[in-house]
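Numbering (our numbering), first residue to last: 7 to 354.
No lab work stands behind these hints, which were simulated from the structure alone.
Keep in mind that the hints are not guaranteed to be accurate.
What follows is a list of derived Cβ distance ranges for each label pair [as the list claims (entries may be wrong)]:
| # | residue 1 | residue 2 | range |
| --- | --- | --- | --- |
| 1 | Glu-56 | Asp-133 | 42 to 52 Å |
| 2 | Arg-193 | Arg-110 | 34 to 44 Å |
| 3 | Met-80 | Phe-136 | 20 to 30 Å |
| 4 | His-156 | Glu-107 | 47 to 57 Å |
| 5 | His-156 | Ser-287 | 37 to 47 Å |
Straight line, CA to CA, 25 Å or less: simulated BS3-like cross-link-like pairs of lysine-lysine [claimed, not checked]:
| # | residue 1 | residue 2 |
| --- | --- | --- |
| 6 | Lys-192 | Lys-179 |
| 7 | Lys-78 | Lys-179 |
| 8 | Lys-206 | Lys-230 |
| 9 | Lys-78 | Lys-230 |
| 10 | Lys-200 | Lys-179 |
| 11 | Lys-206 | Lys-101 |
| 12 | Lys-192 | Lys-230 |
| 13 | Lys-101 | Lys-192 |
| 14 | Lys-101 | Lys-78 |
| 15 | Lys-179 | Lys-206 |
| 16 | Lys-206 | Lys-195 |
| 17 | Lys-174 | Lys-78 |
| 18 | Lys-174 | Lys-132 |
| 19 | Lys-172 | Lys-192 |
| 20 | Lys-172 | Lys-78 |
| 21 | Lys-174 | Lys-200 |
| 22 | Lys-200 | Lys-230 |
| 23 | Lys-179 | Lys-195 |
| 24 | Lys-230 | Lys-132 |
| 25 | Lys-78 | Lys-192 |
Predicted, not measured: the structure shown is a model, and the values here were computed from it.
A virtual CB, placed ideally from N, CA and C, is assigned to each residue, including glycine.
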Amino acid sequence: MEVEYHEEYVRNSRGVQLFTCGWLPVATSPKALVFLCHGYGMECSGFMRECGMRLAAAGYGVFGMDYEGHGKSMGARCYIRSFRRLVDDCSHFFKSICELEEYRGKSRFLYGESMGGAVALLLHRKDPAFWDGAVLVAPMCKISEKVKPHPVVITLLTQVEDVIPKWKIVPTKQDVIDAAFKDPVKREKIRRNKLIYQDKPRLKTALEMLRTSMYIEDSLSQVKLPFFVLHGEADTVTDPEVSRALYERAASADKTIKLYPGMWHGLTAGETDENVEAVFSDIVSWLNQRCRSWTMEDRFRKLVPAPAKFIHGDDAVDGKAQTQGRPRRRRPGLLCGLAGRTHHHAEM
Numbered sequence: 007m008e009v010e011y012h013e014e015y016v017r018n019s020r021g022v023q024l025f026t027c028g029w030l031p032v033a034t035s036p037k038a039l040v041f042l043c044h045g046y047g048m049e050c051s052g053f054m055r056e057c058g059m060r061l062a063a064a065g066y067g068v069f070g071m072d073y074e075g076h077g078k079s080m081g082a083r084c085y086i087r088s089f090r091r092l093v094d095d096c097s098h099f100f101k102s103i104c105e106l107e108e109y110r111g112k113s114r115f116l117y118g119e120s121m122g123g124a125v126a127l128l129l130h131r132k133d134p135a136f137w138d139g140a141v142l143v144a145p146m147c148k149i150s151e152k153v154k155p156h157p158v159v160i161t162l163l164t165q166v167e168d169v170i171p172k173w174k175i176v177p178t179k180q181d182v183i184d185a186a187f188k189d190p191v192k193r194e195k196i197r198r199n200k201l202i203y204q205d206k207p208r209l210k211t212a213l214e215m216l217r218t219s220m221y222i223e224d225s226l227s228q229v230k231l232p233f234f235v236l237h238g239e240a241d242t243v244t245d246p247e248v249s250r251a252l253y254e255r256a257a258s259a260d261k262t263i264k265l266y267p268g269m270w271h272g273l274t275a276g277e278t279d280e281n282v283e284a285v286f287s288d289i290v291s292w293l294n295q296r297c298r299s300w301t302m303e304d305r306f307r308k309l310v311p312a313p314a315k316f317i318h319g320d321d322a323v324d325g326k327a328q329t330q331g332r333p334r335r336r337r338p339g340l341l342c343g344l345a346g347r348t349h350h351h352a353e354m
């Protein structure tokens with residue numbers, strides 16, 4: 007399916023110019039909307055391009071935004087003064103797309119990779135009834151002990167965070183790009199992307215990420231939206247055990263987990279072509295079976311979830327996709343492998 011790509015700059019509530027982009031199927035109205043939340047130091051137009059292209063080719067309208075200080079957006083490079091502000095920026099832009107007339111009846115899915123998984127979960131917490139589901143790829147529900155500084159170092163850094171918040175002084179136990187992306191050719195391609203931050207973490211950024219991951223880990227039981235969490239079992243950047251905990255503790259009536267043996271953190275960008283194909287096939291399959299049309303009445307009606315059923319095995323997804331019509335689409339004025347083991351908990 008032919009895909010069109012577009013870019014636009016918007017300003018957040020603080021007047022900072024933010025880069026946004028989108029991928030849309032050309033021949034048809036998108037069957038649902040997917041909003042990309044990229045990882046720490048990453049960006050949408052280059053690093054997330056394959057994700058946007060693949061999902062748009064599968065019939066989805068895909069939209070992304072570089073966080074303040076990331077990619078093509080303005081701001082001190084990879085400086086996160088407040089995770090709440092970052093989430094608010096995403097919420098404002100994503101909802102502005104959802105409110106466009108041609109998209110009001112579409113399902114709304116969040117897609118988060120690594121730190122973006124934390125962003126997606128916080129967007130859900132901010133407005134639990136708004137989002138129809140989330141794809142969480144190696145989400146930052148907990149930072150792995152293999153990359154986290156020693157507790158004594160964290161204590162010392164906390165004491166000076168308000169004095170030198172932007173200093174790049176946080177020690178890491180391993181290079182994140184080396185640890186995240188398995189395929190050496192793809193790893194070097196990522197290193198050549200100058201929009202990706204590759205310096206030491208800034209003090210405030212590192213502490214905001216740590217606190218956010220701790221908050222999410224402590225509140226997994228409050229996750230209620232349908233979600234699909236994917237994680238490489240050999241991930242040393244974010245902890246796959248916490249993805250297991252998310253699956254087990256979340257209150258969601260529709261939840262799926264898939265763990266990929268031998269695969270690393272970068273499931274969609276750092277694995278072999280065969281493995282990347284398998285991961286995206288799983289993602290598209292999950293999304294396809296959860297697309298539907300929405301009326302205003304549907305949106306405002308409070309639904310009581312039906313009793314849930316547990317499925318263990320290769321049958322990763324359950325349900326029926328609803329065929330969308332093909333009305334003429336207007337261009338919006340604002341933009342912006344390995345089989346693994348699958349567990350599924352679905353509404354019946």
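List of violated hint numbers, smallest to largest
Hints 1, 7, 8, 9, 11, 12, 13, 18, 19 and 22 are the ones this structure does not satisfy, whereas the remaining hints hold.
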